[in-house]
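A.B. asks: Okay, here's what each chain looks like letter by letter:
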Amino acid sequence: MTTVLDPPAQRRTTPGDRLTGLLKQRETGILLAFLLFLAVTTAINPRFLFSSDGWRDLTLTPAILVLLAVGQAMVIITRSVDLSVGSILALTAYLTGRLGLDTGLPVPVIVLVAVLAGVGLGLVNGLLVAFAKVPALVITLGTLYAYRGLMLQWAGSDRINASDIPDSLLRFGTSSILGIPKLALVSFLVLGVAAYLMRTSRPGRELYAIGSDPDAAHLYGLRVKSRILLAFATSGALAALAGVLYAARYGTISSGAGSGIELEAVGAAVIGGVAIFGGSGTVLGAAIGAYLLTTIDRGLPILGIPDFWQRAVVGLLILGAIVLDKVLAERQHRKLLAERDQT
Amino acid sequence: MSSLLTGPETTGARPAYADHQRPWWQRLLFTRDAAVLALLVAVTAYSITSVPFFSNDITLYFLVLDLTPILLIALPMTLVIVTGEIDLSVASTVALSSVLFGVLHRDGVPIVLAALLALVGAAVCGAVNGLLVTRVGLPSLAVTIGTLALYRGIAVGLLGTTAITDWPKNWTDLAKQKLGTSMVPLVVIPLVVLVLAFAVLLHFTSFGRGVYAVGLSQEAARFSGVDVARTKLVLFTLSGLVSGLAGIYFTLRYGSARGDNANGLELQVIAAVLLGGVSIFGGRGAIPGVLGGVFLIGVIASALRLADYSANVIQIVTGLLLIVSVVAPSLIGWASRSRRRRGPVATPERPVVSEAAPPTHVPNGASK
Numbered sequence: 000m001t002t003v004l005d006p007p008a009q010r011r012t013t014p015g016d017r018l019t020g021l022l023k024q025r026e027t028g029i030l031l032a033f034l035l036f037l038a039v040t041t042a043i044n045p046r047f048l049f050s051s052d053g054w055r056d057l058t059l060t061p062a063i064l065v066l067l068a069v070g071q072a073m074v075i076i077t078r079s080v081d082l083s084v085g086s087i088l089a090l091t092a093y094l095t096g097r098l099g100l101d102t103g104l105p106v107p108v109i110v111l112v113a114v115l116a117g118v119g120l121g122l123v124n125g126l127l128v129a130f131a132k133v134p135a136l137v138i139t140l141g142t143l144y145a146y147r148g149l150m151l152q153w154a155g156s157d158r159i160n161a162s163d164i165p166d167s168l169l170r171f172g173t174s175s176i177l178g179i180p181k182l183a184l185v186s187f188l189v190l191g192v193a194a195y196l197m198r199t200s201r202p203g204r205e206l207y208a209i210g211s212d213p214d215a216a217h218l219y220g221l222r223v224k225s226r227i228l229l230a231f232a233t234s235g236a237l238a239a240l241a242g243v244l245y246a247a248r249y250g251t252i253s254s255g256a257g258s259g260i261e262l263e264a265v266g267a268a269v270i271g272g273v274a275i276f277g278g279s280g281t282v283l284g285a286a287i288g289a290y291l292l293t294t295i296d297r298g299l300p301i302l303g304i305p306d307f308w309q310r311a312v313v314g315l316l317i318l319g320a321i322v323l324d325k326v327l328a329e330r331q332h333r334k335l336l337a338e339r340d341q342t
Numbered sequence: 000m001s002s003l004l005t006g007p008e009t010t011g012a013r014p015a016y017a018d019h020q021r022p023w024w025q026r027l028l029f030t031r032d033a034a035v036l037a038l039l040v041a042v043t044a045y046s047i048t049s050v051p052f053f054s055n056d057i058t059l060y061f062l063v064l065d066l067t068p069i070l071l072i073a074l075p076m077t078l079v080i081v082t083g084e085i086d087l088s089v090a091s092t093v094a095l096s097s098v099l100f101g102v103l104h105r106d107g108v109p110i111v112l113a114a115l116l117a118l119v120g121a122a123v124c125g126a127v128n129g130l131l132v133t134r135v136g137l138p139s140l141a142v143t144i145g146t147l148a149l150y151r152g153i154a155v156g157l158l159g160t161t162a163i164t165d166w167p168k169n170w171t172d173l174a175k176q177k178l179g180t181s182m183v184p185l186v187v188i189p190l191v192v193l194v195l196a197f198a199v200l201l202h203f204t205s206f207g208r209g210v211y212a213v214g215l216s217q218e219a220a221r222f223s224g225v226d227v228a229r230t231k232l233v234l235f236t237l238s239g240l241v242s243g244l245a246g247i248y249f250t251l252r253y254g255s256a257r258g259d260n261a262n263g264l265e266l267q268v269i270a271a272v273l274l275g276g277v278s279i280f281g282g283r284g285a286i287p288g289v290l291g292g293v294f295l296i297g298v299i300a301s302a303l304r305l306a307d308y309s310a311n312v313i314q315i316v317t318g319l320l321l322i323v324s325v326v327a328p329s330l331i332g333w334a335s336r337s338r339r340r341r342g343p344v345a346t347p348e349r350p351v352v353s354e355a356a357p358p359t360h361v362p363n364g365a366s367k
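Protein chains in written order, with numbering that gives the first Met the number 0: chain F, 0 to 342; chain V, 0 to 367.
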């Protein structure tokens, strides 16, 4: 939360400082938890990581949730929330299927159209939130229903099956480069770009400023409304990209596609250290949170816990993460107070 | 229809002394609650006259049966949202109490005792939310997203994908029982009792005034002697308890205890409450409006269904209604302000207090 005020470039750092700094990062903790879980499950059953299926699942399954979590993190950092991402995912997945079925457009064009549709849907959210001054929770709860209903109405009773999706898109969903599935590469690429922009670019830093203190950001002269629009448009675009990945990965798009995934995305962001009231956290943390969530889903049976308990474990993780954040924030607060008193 | 929404809300405890210069009937009629209720009456009247079979008794019967869980949970949810908090875990609590009820019944516990224990379990769920919010000081949005997963997870974990369906017939019939020979379901009686209880609690007790005070300003509430933490803890516990009641009703009505019961119900409840004029920022809202919101969604859904529209259209309408209901006051405020700026249209009754201006608080007590 102090990152807005002290850009790292201004400090003189030694390698030792960097190491302790890295260890103190919130993302490191969640990454360690993820690696620990991976190590334990793999020790019990080596196939979890070292079989081709295991490796593929590990990298491929989280790809969709990673995209959603990155978009969600950007929105939450501005002190909003986007509950409509599951419905946007469903709508754009269906759009992808339909375009592939009806038009025969080349795949890149289909992807572009779907992502643009996502931007449009995100902009609707953003416009309502930024200009009507209604909390995002309410607006996106409304569009969650509206978009899902739109998709169902449009789809009617016909489902899209794998045979309807263009072959090239399905191949994209199943092929890999250097042993890493292409879909996972897409999510890495998006994550890398988003993490870089959120850390260094002006709009990225402004998102943090707006989330830390909207009034101060406004007084400082930031264009709060256009930045909120930007965050929601990006979230919509990423949800749409997730929709394309969904179509490519599963091939089948039923009416329930992506329903309930919005809360998983919020959960992933929260576990990854994105504070629900904005201003702190990183997209990288959210992405690791997404990895942890999806991997736990597959790993629990190996640890001898029936996978029915998966959601309970996820709930405990979310609660644990926010309690931890609270404790850390209070310690930081006390430390800052002590430092102020010393000087 | 939305022009009715212009009236400033009189329910909020802002220092809007100007309101008292207006006659009582204006204060009563030009409110958000009245607008929702008027819209409900209009939609119902339209449905009765032009939707075939809508005026049948059986429509009303199923309308009430279907709305019961939403209406039940909407009551404590109203109070929770008025304090500026939110509870997203209610549907999971419904499922958990349903599963507890089922498991205890399967293991031979007498049905009344099983129901009571399930209620206790649900109240504990609510209290856990409340303790995490008040004692640990966490934001309720994050806490209840966590417990949404946790409680649902325990429910699914206890039963897996199986369902408990061997319920005694006299008990499952009770949930669908009609009053005498009429088509009014029996559940109306506990519903009315609970609605009255919550209305009295919110509008006619000092606890209720405290609820509004907390929602408008925690600091001010504390300085005027309201125990903020206790108020919130009580409300979250009530929310759990009533969700447990809804869970038992749900189980008996459908004769089945399952881990995925009432999936997604929390969003329907919150949509209905917000549609009923409760401000997500806290401090504003009233039980009559919430009743209007719940029934408005129910009547529209049932009318559309009878008029042969699909469930999808109903979803779209619900979503749009929610958005319009929260955006409309902002739009109207913006329109009236720009009109005032343009011309010297005097509005003597409401001089300085520009209540129509959109609220600028931070959401959900984030100021901490």
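Everything labelled a hint here was simulated from the structure, so no lab data went into it. Note that the coordinates shown come from a computational prediction; the quantities given were computed from them, not determined experimentally. No residue lacks a Cβ here, since even glycine has one placed at the ideal position from N, Cα and C. A couple of the hints might just be wrong.
Each pair of labels, with its calculated beta carbon distance range [unchecked claim]: (1) 123(V) - 319(F): 52 to 58 Å; (2) 52(F) - 263(V): 31 to 37 Å; (3) 195(F) - 193(V): 51 to 57 Å; (4) 337(V) - 119(F): 26 to 32 Å; (5) 52(F) - 106(V): 47 to 53 Å; (6) 130(F) - 263(V): 25 to 31 Å.
A.B. asks: Compare the structure with each hint and give your call.
C.D. replies: Here is what the structure says about each hint:
no. : hint                        : result
1   : 123(V) - 319(F): 52 to 58 Å : 19 Å, violated
2   : 52(F) - 263(V): 31 to 37 Å  : 32 Å, holds
3   : 195(F) - 193(V): 51 to 57 Å : 54 Å, holds
4   : 337(V) - 119(F): 26 to 32 Å : 28 Å, holds
5   : 52(F) - 106(V): 47 to 53 Å  : 40 Å, violated
6   : 130(F) - 263(V): 25 to 31 Å : 29 Å, holds
Against the hints set out earlier in the document, violations occur for numbers 1, 5.
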